[in-house]
Amino acid sequence: MTFTEAKQEFDNKYGTATEYNCFLPEHLTFGRISNFKKKNGQRNEQYYKWQFLYSIIQSGLYAKDYIGGFGEYVGIAGFYNFVDFGHGHHNQGMYRVLSYKTHKLLFMLCFLNCSLMRKYCAGLSVGSKMKELKIEQFVQIPFPNFEEQKQKEIALLYHNPESIYPIDTFTLNNFLEQDNDFNKTAGIYELDKTAKQLKAILNKAIDDIANDREVSITFKTD
Numbered sequence: 273m274t275f276t277e278a279k280q281e282f283d284n285k286y287g288t289a290t291e292y293n294c295f296l297p298e299h300l301t302f303g304r305i306s307n308f309k310k311k312n313g314q315r316n317e318q319y320y321k322w323q324f325l326y327s328i329i330q331s332g333l334y335a336k337d338y339i340g341g342f343g344e345y346v347g348i349a350g351f352y353n354f355v356d357f358g359h360g361h362h363n364q365g366m367y368r369v370l371s372y373k374t375h376k377l378l379f380m381l382c383f384l385n386c387s388l389m390r391k392y393c394a395g396l397s398v399g400s401k402m403k404e405l406k407i408e409q410f411v412q413i414p415f416p417n418f419e420e421q422k423q424k425e426i427a428l429l430y431h432n433p434e435s436i437y438p439i440d441t442f443t444l445n446n447f448l449e450q451d452n453d454f455n456k457t458a459g460i461y462e463l464d465k466t467a468k469q470l471k472a473i474l475n476k477a478i479d480d481i482a483n484d485r486e487v488s489i490t491f492k493t494d
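The numbering of the sequence shown is this note's numbering, which starts it at 273 and goes up by one.
Don't read these hints as lab results, they were simulated from the structure.
There could be a bad hint or two in this list.
As the list claims (entries may be wrong) - Lysine to aspartate or glutamate pairs mimicking EDC-like chemistry, simulated, CA-CA at most 20 Å apart:
{"hint": "1", "residue 1": "K424", "residue 2": "E434"}
{"hint": "2", "residue 1": "K373", "residue 2": "E419"}
{"hint": "3", "residue 1": "K310", "residue 2": "E291"}
{"hint": "4", "residue 1": "K376", "residue 2": "D451"}
{"hint": "5", "residue 1": "K403", "residue 2": "E344"}
{"hint": "6", "residue 1": "K279", "residue 2": "E317"}
{"hint": "7", "residue 1": "K468", "residue 2": "D479"}
{"hint": "8", "residue 1": "K476", "residue 2": "D440"}
{"hint": "9", "residue 1": "K492", "residue 2": "E462"}
{"hint": "10", "residue 1": "K468", "residue 2": "E425"}
{"hint": "11", "residue 1": "K476", "residue 2": "E486"}
{"hint": "12", "residue 1": "K406", "residue 2": "E344"}
{"hint": "13", "residue 1": "K465", "residue 2": "D451"}
{"hint": "14", "residue 1": "K456", "residue 2": "E434"}
{"hint": "15", "residue 1": "K465", "residue 2": "D453"}
{"hint": "16", "residue 1": "K465", "residue 2": "D356"}
{"hint": "17", "residue 1": "K376", "residue 2": "E462"}
{"hint": "18", "residue 1": "K376", "residue 2": "E420"}
{"hint": "19", "residue 1": "K492", "residue 2": "D480"}
{"hint": "20", "residue 1": "K468", "residue 2": "D451"}
{"hint": "21", "residue 1": "K376", "residue 2": "E419"}
{"hint": "22", "residue 1": "K391", "residue 2": "E408"}
{"hint": "23", "residue 1": "K309", "residue 2": "D283"}
{"hint": "24", "residue 1": "K310", "residue 2": "E344"}
Claimed, not checked - Here are the computed distance ranges between Cβ atoms for each label pair:
{"hint": "25", "residue 1": "E419", "residue 2": "N307", "range": "17 to 25 Å"}
{"hint": "26", "residue 1": "N446", "residue 2": "K373", "range": "31 to 39 Å"}
{"hint": "27", "residue 1": "I460", "residue 2": "T490", "range": "41 to 49 Å"}
{"hint": "28", "residue 1": "E434", "residue 2": "N483", "range": "38 to 46 Å"}
This structure is a prediction, so every number in the text was calculated from the model and none was measured.
All residues carry an ideal CB built from backbone N, CA and C; glycine is no exception.
Sequences are here, hints too, so could you generate the full structure?
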């Protein structure tokens, strides 16, 4: 898409809009609503500002990866499951936190990734071009002293290792019931993992249909 095409697309979508949900944060505020009209009903300066930002990004003239230039992605935490992926080396630029119980690490992850801490870490970040958190900034981050049980409850919402997906017992007749039972206890990690498994099964069925092959849906894993 060219810059001109992106500009036209923006005009088609928002040319008559009075308000706009900003797709980039402004002054550490996410999801800000911007007014697009003057009192006389004509387009204002904000309209043309967001028209330009939309066009330059959609046309590829401005790297999408640099949208995080405000620091809103600084300090995001990640979870690496050794059971699923084995041992590995983390990427450069990541801090690895050790010597804590698993539920405490997961609680830290959930807390760092919440919308409040996205703003906090953005404000704490340093650097003019590529925002970052140096170790001296990272150790300043305050963590709430929740009760142990509450930390465990929050951790389970993200990852519940005792929630096992019984995919080998699934049939087309019992799938919905068993899948729903699993979803009641599964964490975000488990839900994402099983969604990918089901997507692979669905994609195979779609491919069989598209190529006029017999469709056979099986949930058995190798």
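- Quick check: which numbered hints come out false for this structure? 4, 10, 24, 25, 27
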